[in-house]
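Chemist: Single-letter residue listing:
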Amino acid sequence: MTHAANPDQLLEKLATDLENLLEQRNISDPLMVGIHTGGAWLAEQLHKKLNIQQPLACLDISFYRDDFSRIGMNPQVKTSQLPPQVEDDHIILVDDVLHSGRTIRAAMNELFDYGRPASITLACLVERSGRELPIQADAVGQILELDSNEHIKLTGPEPLAWEIKRIDNQKAD
Amino acid sequence: MVNKPSRPTHALLGQDQWNIQLDSNGKLKHFLTTEGLGSNILNQILDTAESFAGVNESVKKVPLLRGKTIVNLFFEASTRTRTTFELAAKRLSADVLNINISTSATSKGESLLDTLRNLEAMQCDMFIVRHADSGTAHFIANHVAPHISVLNAGDGQHAHPTQAMLDMFTIRRNKGADFGRLRVAIVGDIMHSRVARSQIHALNTLNTGDVRIVAPETLIPKDIEKMGVSVYQDLEQGIEDADVVIMLRLQKERMMGALLPSEQEYYQLYGLTEERLQAAKDDAIVMHPGPINRGVEIDSAVADGPRSVILSQVTYGIAVRMAVMSMTLGSHGSSQDDSRETRP
Chain R
1 MTHAANPDQL LEKLATDLEN LLEQRNISDP LMVGIHTGGA WLAEQLHKKL NIQQPLACLD
61 ISFYRDDFSR IGMNPQVKTS QLPPQVEDDH IILVDDVLHS GRTIRAAMNE LFDYGRPASI
121 TLACLVERSG RELPIQADAV GQILELDSNE HIKLTGPEPL AWEIKRIDNQ KAD
Chain C
174 MVNKPSRPTH ALLGQDQWNI QLDSNGKLKH FLTTEGLGSN ILNQILDTAE SFAGVNESVK
234 KVPLLRGKTI VNLFFEASTR TRTTFELAAK RLSADVLNIN ISTSATSKGE SLLDTLRNLE
294 AMQCDMFIVR HADSGTAHFI ANHVAPHISV LNAGDGQHAH PTQAMLDMFT IRRNKGADFG
354 RLRVAIVGDI MHSRVARSQI HALNTLNTGD VRIVAPETLI PKDIEKMGVS VYQDLEQGIE
414 DADVVIMLRL QKERMMGALL PSEQEYYQLY GLTEERLQAA KDDAIVMHPG PINRGVEIDS
474 AVADGPRSVI LSQVTYGIAV RMAVMSMTLG SHGSSQDDSR ETRP
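Heads up: the protein sequence lines correspond to chains R and C, in order.
According to the working numbering, the first sequence is numbered sequentially starting from 1.
According to the working numbering, the second sequence is numbered sequentially starting from 174.
Treat the hints loosely; a few may be bogus.
Here chain C is said to cover these stretches of chain R; the calculated rule only asks that three of the stretch's residues, wherever they fall, bring their Cβ under 8 Å from a Cβ of chain C [claimed, not checked]:
| id | stretch |
| --- | --- |
| 1 | 103-117 |
| 2 | 151-157 |
Per label pair, the in silico range of CB-to-CB distance [what the hints assert, rightly or not]:
| id | chain 1 | residue 1 | chain 2 | residue 2 | range |
| --- | --- | --- | --- | --- | --- |
| 3 | C | R239 | R | E145 | 33 to 43 Å |
| 4 | C | S284 | R | K165 | 31 to 41 Å |
| 5 | R | K165 | C | K454 | 47 to 57 Å |
| 6 | R | K48 | C | D414 | 43 to 53 Å |
| 7 | R | N6 | C | K399 | 55 to 65 Å |
| 8 | R | Q85 | C | A431 | 51 to 61 Å |
Hint data in this document are derived by calculation from the structure and do not stem from the laboratory.
Computed from a predicted model, the values in this text were never measured in an experiment.
We treat Cβ as the ideally placed atom computed from N, Cα and C, and that holds for glycine.
One chain only, chain R, in its complex shape (with noise of 0.2 Å):
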């Protein structure tokens, strides 16, 4: 397995990498959403780094999330805080692990209830292995590979720090 870096660095170098694709894609007021937990906690430092005016956004996907059905409601689910409507919005969706897409999936279904975006980047804090959609981040902080039974997950927020276990049988999320 490969070492994950400290998450403070890897959110200096995803704001880095951000700024420079928000300026290659002309994009200039921007709407940052970061999903709960972790990328919550990103977004809210992303949004200081990068002097973003809208106020930042978040967004709980536990309603749309696929595995409903198999594992039940969360017991913690938060409120999703977004502008009444995100139409024609430039949309920087954070998260913190980018692992089998589905996620992120939700966090797009999500994000359309509210509207028709103009576009939405992804920045991920760490891009990882397991992919099951075709999802892919447009900023990432570190690629990681790791075995299906091995589970990454930001803690925090203060100070960022990452957990990772070996889990068997541990379907992802």
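Chain R is fixed; fit chain C onto it per the hints.
Modeler: Below, chain C without anything else, positioned relative to chain R:
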């Protein structure tokens, strides 16, 4: 004043009856009564409802229960409860069937269980039951196929748990999550009120500081003190320094015999007016499960006044019912081993 007793035993249902509300993993499977459920479950309902309240204010509809079929089985008239259950189901993207019992096969002589078997055969996932007889929802929960959840939307004088939880949600939204420092007075027809019973259980489980009931002697059930409440017969004493005043409807349709001289006299003694409300705290909220009888248990000036949260209760009812529906239908995926006997 009385000491709060340990868990009360219920006259109607055996000690083990409420366990059928939980699956083998301790998750909520049926919601039949607030009695016997821990504060973890009640708080989970309130927390989940909080995020659904956010949904109701923004996108309105989420895909969580797409493909599920929910049946409203109302054997007793209802507008608010049935429509908020229906809206809740629709906002979760479920399909809803409203069975009008008065024109259905039960009036042609089909038994309740045969009606249930037929609905099961249509691959329904949830029954929402209201019935004039206490215990009906329990009975149905005991006899449905294992994949079906049953929600009690009011059974006789026994329980109305989603109403109680939307009341808890209303209290929490207005007074904060610390129920320990609250004084709650429930005023009126306690005798016939399934809402009051469910509220008292929920308030006790959430460790409410002081739960009071206020009613004329004829409308107070015998031994109500054993539920851990203090009893008052004088309105102004009963609501003194209360944070929350819950008014109940006088249920004339359930009254057998002469329990009250007249509605006018009841209003004279127990009707909540602005003047009497002075006894409660300045920031007290006034609640009522509806339908309200203006000029019987509550004066219009109070019902429509600044301290009334009666219409918020209706709004919150949707979020709370969404929470209970998603928690109960979501429990099935995790429970593989349902060992209950289902078929007679």
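Chemist: A separate judgement is required for each hint: does it hold in the structure or not?
Modeler: Taking the hints in turn, this is what the structure says about them:
1. 103-117: holds (count 4)
2. 151-157: violated (count 0)
3. R239(C) with E145(R): 33 to 43 Å: holds, 36 Å
4. S284(C) with K165(R): 31 to 41 Å: violated, 54 Å
5. K165(R) with K454(C): 47 to 57 Å: holds, 50 Å
6. K48(R) with D414(C): 43 to 53 Å: holds, 46 Å
7. N6(R) with K399(C): 55 to 65 Å: holds, 60 Å
8. Q85(R) with A431(C): 51 to 61 Å: holds, 59 Å
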